[in-house]
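**Q** Each chain, written out:
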Amino acid sequence: MLTEEEKREITAELAHCEHKSAASIEALKVIQKRRGWVSDASIRDIAFLLDMTPAELDAVATFFNFIYRKPVGRHVIAVCDSIVCWSLGYDQLRELLQKSLGIGLGETTQDDRFTLLPASCLGACDRAPAMLVDEDLHGPVTPEMIDGILEKYR
Amino acid sequence: MERPLTKNIHPGQEPLSLAEYEKAGGYRSLRKALAMPPQDIVALVKASNLRGRGGAGFPTGMKWGLVPQVGSVPQPRYFIVNADEMEPGAFKDRLLLEGDPNQIIEGIIVSAYAVQTEKAFIFLRREYFLAEKRLKKAIAEAYEKGYLGAGILGSGFNLDLRIHSSAGRYICGEETALINALEGKRAVPRAKPPFPLACGLWGRPTLVNNPETVANIPHIVNNGAEWFKALSACADGGTKIYGVSGRVNKPGAWELPMGTTIEELIEDHGGGMQKGYALRGIIPGGASTDFLLPKHLDVPMDFDSVAKAGSRMGTGTMTVLDDRTCPVGFVHNLEVFFSRESCGWCTPCREGLPWIEKILHAIENGRGESGDLSLLEQHCRLLGPGNTFCALAPGAVEPLQSALKYFREDFERHIREKKCTWK
Ligand SMILES: Cc1cc2nc3c(=O)[nH]c(=O)nc-3n(C[C@H](O)[C@H](O)[C@H](O)COP(=O)(O)O)c2cc1C
Ligand code: SF4
Ligand code: FES
Chain A
1 MLTEEEKREI TAELAHCEHK SAASIEALKV IQKRRGWVSD ASIRDIAFLL
51 DMTPAELDAV ATFFNFIYRK PVGRHVIAVC DSIVCWSLGY DQLRELLQKS
101 LGIGLGETTQ DDRFTLLPAS CLGACDRAPA MLVDEDLHGP VTPEMIDGIL
151 EKYR
Chain Y
155 MERPLTKNIH PGQEPLSLAE YEKAGGYRSL RKALAMPPQD IVALVKASNL
205 RGRGGAGFPT GMKWGLVPQV GSVPQPRYFI VNADEMEPGA FKDRLLLEGD
255 PNQIIEGIIV SAYAVQTEKA FIFLRREYFL AEKRLKKAIA EAYEKGYLGA
305 GILGSGFNLD LRIHSSAGRY ICGEETALIN ALEGKRAVPR AKPPFPLACG
355 LWGRPTLVNN PETVANIPHI VNNGAEWFKA LSACADGGTK IYGVSGRVNK
405 PGAWELPMGT TIEELIEDHG GGMQKGYALR GIIPGGASTD FLLPKHLDVP
455 MDFDSVAKAG SRMGTGTMTV LDDRTCPVGF VHNLEVFFSR ESCGWCTPCR
505 EGLPWIEKIL HAIENGRGES GDLSLLEQHC RLLGPGNTFC ALAPGAVEPL
555 QSALKYFRED FERHIREKKC TWK
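Chains as they are written, first to last, in our numbering: chain A, 1 to 154; chain Y, 155 to 577.
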């Protein structure tokens, strides 16, 4: 069940749309922002609001790299593994993050604090190696900086 | 030297507010444009030799001329700014979007007026959170001042502008996939024809342009086609936002005359290669462009010259390959990206790219076999232009086919010695 507030936020988006389905990404993001991820039940509830079938909406949800269909931690680290970051130290950055967090790519720490994901080029190649933590861009990230950056996210 | 696109941009500082932007000459072009018949603006852009900055270099004025006349196809008609910018190596639109959002918005309003569309979207990649925040603020200010909305500045022209922030998928930069994404569908490309100019968003005429293309429009309207052509060092009009990334001393993006040479970009602006590293290759315009070599340093970075040298200018943001990085590993990384981002709609790309990725991975890890290079070459043909549903796959094999040509000895050595000698 969506909360009244969630419904209100999604309905506000619909006011700007020629067709309800146009709000699909925005609606998925509304739920993801509030709940961290998008469950099967949420897919059904959102689809109903948008006059879509759950299958149609799920085809959208599963297509995008940053709509989470599984629970993630409170903070998501997206490390760029594309060409410029790869050339300038991605492998080392990834290894250090994995060691520091004790998890592999695609995993979440036991305390649900961090999820570590590989990401395609972040459009920050002038700051390689780069990573996003939630909405904050960090780069160039040197080995010494890693612990300090992680400290900021509780 | 004039730098119209970046004159208000000071990286690290907040962009100009609307009031400051106006004081710096902003919104003059809109007032001027609204007093002109729309088709005169199209003619002006044609005369300016502005070519689209989204990668293909299609002449903007010609594209605008193909938008059906309002008389024949009434509203709604759509104008979309393609700020997906997910090509590895590309970060030039970010500079403009974050640095001077008002310029983008003024460009959108003037462009929308020229082709008579009353609804516009900025399709923004998910990761540009700062740009999103700044654009939203600038849009709200523009509505308040009456630059957006109904009856703009007392004219009969209306424009509604919205931002759509995406959720991360490279294919959304392909304009028909982008249109599907805006309709809330799975973002796979559409069959062409019909082209979006005739039948795009919700089946209506839809024009798609890159943010850098749009940012040029106010300056062309203010200063004229001749002035614009004079900014350039070649036949195409204007300046260009170029970028250099990789092992150079000062990676970054700069506005320079169109046709600046690769050497000037790497040496004078990028600060040259880092100490202990030499230049081995260049992908001139993002991940989907063919390699060039140090012998091409004197090539001017304009669409025709780079094409003549055997590659594409693409986004104009180049990445260097240094002499201490394995070219096979480099190309493998590029193909990991393309195979991950393939939308899966058509078979050659969905199946071919993961196959390419696996072969390259095997070669890089000492498990390459003697037939692998001809197999890779075969893939380059099968994924080349005309065999797939969209241009992602042909773009994906561009760096591969040129690497097989230019760095063949490196590939052969991996297979012969059964290891990567760079590790
Ligand atoms: C896979 C793929 C990704 C693309 N990504 C972008 C992009 O991020 N930004 C962009 O402006 N054009 C991109 N394009 C090109 C667009 O389809 C379109 O040609 C361009 O936005 C037109 O703008 P212009 O005429 O101003 O250059 C992409 C094309 C393909 C095939
Ligand atoms: S070429 Fe690749 S990205 Fe383009 S439609 Fe086919 S599968 Fe999708
Ligand atoms: S390659 Fe990492 S940000 Fe572009």
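The reader is advised that the hints may include incorrect statements.
Claimed, not checked - Calculated Cβ distances over 12 Å to all of chain A for the following chain Y residues:
| no. | residue |
| --- | --- |
| 1 | Ala197 |
| 2 | Glu239 |
| 3 | Phe245 |
| 4 | Leu249 |
| 5 | Tyr282 |
| 6 | Ala389 |
| 7 | Ser399 |
| 8 | Ala407 |
| 9 | Thr415 |
| 10 | Leu447 |
| 11 | Pro448 |
| 12 | Arg494 |
| 13 | Lys559 |
Said to hold, decoys possible - Derived SDA-like pairs (lysine to any residue); straight-line CA-CA distance at most 25 Å:
| no. | chain 1 | residue 1 | chain 2 | residue 2 |
| --- | --- | --- | --- | --- |
| 14 | A | Lys20 | Y | Glu337 |
| 15 | Y | Lys339 | A | Glu6 |
| 16 | Y | Lys404 | A | Ala59 |
| 17 | Y | Lys287 | A | Asn65 |
| 18 | A | Lys152 | Y | Glu168 |
| 19 | Y | Lys404 | A | Lys152 |
| 20 | A | Lys70 | Y | Leu313 |
| 21 | A | Lys20 | Y | Leu313 |
| 22 | Y | Lys346 | A | Ala59 |
| 23 | Y | Lys512 | A | Gly106 |
If you are wondering where the hints come from, they were derived from the structure by calculation, not from laboratory data.
The beta carbon of each residue, even a glycine, is placed where N, CA and C say it ideally should be.
**Q** So, for every hint listed, does it hold in this structure?
**A** Structure-based check of all given hints:
no.: 1; hint: Ala197; verdict: 31 Å, holds
no.: 2; hint: Glu239; verdict: 5 Å, violated
no.: 3; hint: Phe245; verdict: 5 Å, violated
no.: 4; hint: Leu249; verdict: 9 Å, violated
no.: 5; hint: Tyr282; verdict: 7 Å, violated
no.: 6; hint: Ala389; verdict: 29 Å, holds
no.: 7; hint: Ser399; verdict: 4 Å, violated
no.: 8; hint: Ala407; verdict: 7 Å, violated
no.: 9; hint: Thr415; verdict: 20 Å, holds
no.: 10; hint: Leu447; verdict: 17 Å, holds
no.: 11; hint: Pro448; verdict: 17 Å, holds
no.: 12; hint: Arg494; verdict: 7 Å, violated
no.: 13; hint: Lys559; verdict: 19 Å, holds
no.: 14; hint: A:Lys20 x Y:Glu337; verdict: 9 Å, holds
no.: 15; hint: Y:Lys339 x A:Glu6; verdict: 21 Å, holds
no.: 16; hint: Y:Lys404 x A:Ala59; verdict: 42 Å, violated
no.: 17; hint: Y:Lys287 x A:Asn65; verdict: 21 Å, holds
no.: 18; hint: A:Lys152 x Y:Glu168; verdict: 23 Å, holds
no.: 19; hint: Y:Lys404 x A:Lys152; verdict: 28 Å, violated
no.: 20; hint: A:Lys70 x Y:Leu313; verdict: 40 Å, violated
no.: 21; hint: A:Lys20 x Y:Leu313; verdict: 21 Å, holds
no.: 22; hint: Y:Lys346 x A:Ala59; verdict: 22 Å, holds
no.: 23; hint: Y:Lys512 x A:Gly106; verdict: 21 Å, holds
In this structure, the hints that do not hold are numbers 2, 3, 4, 5, 7, 8, 12, 16, 19, 20, in rising order.
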